[in-house]
Amino acid sequence: MLKVSGLTTGYGKIQILQGVDLNVSEGQIVALLGGNGTGKTTLLKALSGLLPVWDGAIEFDGQPIQNLPPHTIVRAGLTQVTQGKDAYPAMTVEENLMLGAYTRNNKPAIANDLERVYTFFPRLLERRTQLSATLSGGEVQMLVIGRGLMASPKLLMLDEPSSALAPKVVMDIFSTINRIRKFGLSILMVEQNVRMALLLADYGYIIRDGVILLEGEARDLISDPNVKASFLGGTVVDTTRDIKA
Amino acid sequence: MEFDFSSLFAFILFGVTIGVVYGIVALGISLIYSGLDIVHFAHGELYMFGAFFGLVFTQTMGFPYPVALVLAMLCAGVLGMGIERVFYRRLTKSGGGYTVAGMGMIICGFGMSIVLMNVAFLIWGAAAEPFPVDLGMPYQFGDIALPKSYALTAVVAVCLMIILHYFLKKTKAGLAVRAVAANKDIASLMGINVPRIISLIFGLACGLGGAAGVLIGPMQSVQVEMGYLMLLKAFAAAVVGGFGSLPGAIVGGIIVGIAENLGAAYISASHKDIYAFLLLILVLMFKPSGLFGVVARVKA
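Chains R and V supply the protein sequences, listed in that same order. Each residue of the first sequence is one higher than the one before, starting from 1 at the first, in the working numbering. Each residue of the second sequence is one higher than the one before, starting from 1 at the first, in the working numbering.
Take these hints with a grain of salt, some might be off.
[To be verified] Sample of chain R residues facing chain V (criterion: CB under 7 Å; computed from the structure):
(1) Q63
(2) L68
(3) V74
(4) Q80
(5) K85
(6) Y88
(7) Y102
[To be verified] List of simulated lysine to aspartate or glutamate pairs, EDC-like, C-alpha gap at most 20 Å:
(8) R:K154 <-> R:D202
(9) R:K3 <-> R:E59
(10) R:K85 <-> R:E95
(11) R:K154 <-> R:E59
(12) V:K169 <-> R:E95
(13) R:K228 <-> R:D202
(14) V:K170 <-> R:E94
(15) V:K170 <-> R:E95
(16) R:K13 <-> R:D55
(17) R:K85 <-> V:D185
(18) R:K85 <-> R:E217
(19) R:K154 <-> R:D61
(20) R:K228 <-> R:E217
(21) R:K107 <-> R:E94
(22) R:K228 <-> R:E215
(23) R:K3 <-> R:D172
(24) V:K169 <-> R:E94
(25) V:K172 <-> R:E217
(26) V:K172 <-> V:D185
(27) R:K154 <-> R:E115
(28) R:K182 <-> R:E115
(29) R:K154 <-> R:D113
(30) R:K182 <-> R:D172
(31) V:K172 <-> R:E94
(32) V:K172 <-> R:E95
(33) V:K172 <-> R:D61
(34) R:K3 <-> R:D61
[What the hints assert, rightly or not] Computed spacing ranges between beta-carbons, pair by pair:
(35) V:T171 <-> R:P69: 50 to 58 Å
(36) R:D209 <-> V:F110: 43 to 51 Å
(37) R:S136 <-> V:L135: 55 to 63 Å
(38) R:R128 <-> V:M219: 45 to 53 Å
(39) R:E217 <-> V:I106: 54 to 62 Å
(40) R:A109 <-> V:L282: 50 to 58 Å
Rather than coming from a laboratory, the hints here were simulated on the basis of the structure. Glycine residues also receive a C-beta, built at the ideal position from the N, C-alpha and C atoms.
Please construct the entire structure, taking both the sequences and the accompanying hints into account.
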């Protein structure tokens, strides 16, 4: 579904990605893992068209999409969910969600999706007429994910859905992501919370200094001694049941 | 001598009607500022062009005044979009208002102002043209006679504001305008064609400016240099109300209009144009964010 090969890009003259290869198949959750400043968000920005691609190719749904304007890429079905701070604070929850459906015109289908987002995140329904500036950190994270779903994408890219959230909220959000996948959506998830992400994902990539260091099935990565040593630190507790319940 | 309350009331009434016109020009300046992060210094010239368009449509082509108003708005809007497309677009591409390119855009605005003034001079000449519109006898409120053109101006200006408010709050395109104004990158991730929306913002703002020209036309005469004073007063209105705030622009316009009329009546009529700027200076001294402004608004 998404095929990235030899992607290089950066900001101004500074190169960040040094040739990244990455694949997401239909219905898969793929986790892209790494610490701060390793190029995770940069990769998402290049995929969604916010950053120019210097070299390499991005193929989505069989079509090359590198260097298309962002709004065209959204229309193709590839939606990036940025971090919670990027909800529009001066708009209500529902206005934010409706912005997500900006590219669509089928009103009944939009209403249907809105209802679905509210069933995923009942908190948003309670707060639908509130300005999103008044929401908590966990709620805005739910809001931006909901907004991404409103675009009815084929592939959803999540940028650190767990960042700066309490463990309980992170658990909620990850279990919702797991529910979302059942609707046949593919997900590319950027995360620093390596353990949680690998428990949820099917496949994982570990990125460092703009290159893919390691890749593999999520369950293999989680028991990989290198990953354990550098990211997981200590024993892996099996919390799979909590998330996938 | 007894204080004459009815003439005070009259001054305020005239202040409000002229003030709502400052308000709609200020609204355009605020719209462009919120969309492109620049102060558009050629906005007064769009107002001037609006007035001339109105004159051409009523005098030369013989359209009734309301039709001429709508046509002049459309023409000013299209002219504005053309200017945006040809000149401002390349500057927006290179970074927008908060970058070095933003400085270029501001200077471009000044240059555009001079160019537009000279284009108008070539077409219509330097003489002040009267803009006679016969609307009939003035309305009588007790001792006060309010000319119909003033009443019409106030009503039309308020209608335009209501339409703009409805557009921004209730329509999909309005939602997109607000999204682009708040954060362009995120707006593009929503699938919004950001350059097209900026063009729409420019068209709307210039259309409002053009409408103000047609509204003011019958009260004053129309001439090529009418734009700069309007720009400065609308700018004062926008600052008084709080830059970038749309309700602030209207309230600021009304305050400037009233201050100007009261100053002219009770202090000195020959310094009529000073009071707006006096107000501007006072606001900048004591409440720099204006009445409705947000302190140091941060935009991405």
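(request) Below or equal to 20 Å on CA atoms is what counts here, so check R:K228 against R:E215. (result) Holds, at about 14 Å.
(message) Please check whether R:Q63 passes as an interface residue: C-beta within 7 Å of a C-beta belonging to chain V.
(response) 16 Å, violated
(request) For R:S136 and V:L135, compare the CB-CB distance with the range 55 to 63 Å and indicate the outcome. (result) Holds, since R:S136 and V:L135 (Cβ atoms, about 57 Å apart) stay within the stated range.
(message) Between the alpha carbons of V:K170 and R:E95, is the straight-line distance 20 Å or under?
(response) Given that 20 Å is the threshold and the Cα spacing comes to 10 Å, the pair holds.
(message) For a C-alpha distance cap of 20 Å, please report whether R:K85 and V:D185 respect it.
(response) Holds. R:K85 to V:D185 sits at ~13 Å (cutoff 20 Å).
(request) Decide if the proposed pair is consistent with the structure: R:K154 and R:D202, CA atoms, cutoff 20 Å inclusive. (result) Holds - the C-alpha atoms of R:D202 and R:K154 are around 17 Å apart, at most 20 Å.
(message) For the restraint on R:V74, tell me whether the closest CB of chain V is nearer than 7 Å.
(response) 4 Å, holds
(message) Run the distance test for R:K13 versus R:D55: straight-line Cα separation, threshold 20 Å.
(response) 14 Å, holds
(request) Mind checking the alpha carbons of R:K3 and R:D172 for me, to see if they're no more than 20 Å apart? (result) At roughly 30 Å apart (the allowed maximum being 20 Å), R:D172 and R:K3 break the hint.
(message) Hint check: V:K172 vs R:E94, CA-CA at most 20 Å. Holds or violated?
(response) Within the cut-off at roughly 13 Å; holds.
(message) Check the hint pairing R:K182 with R:D172 against an upper bound of 20 Å on the C-alpha distance.
(response) Roughly 16 Å separates the two Cα atoms, so the pair holds.
(request) Check the following: the C-beta atoms of R:R128 and V:M219 are separated by a distance inside 45 to 53 Å. (result) Holds: the Cβ-Cβ distance is about 46 Å, inside 45 to 53 Å.
This entry does not satisfy hints 1, 2, 5, 18, 23, 25, 33, 35, going by the numbered hints stated previously.
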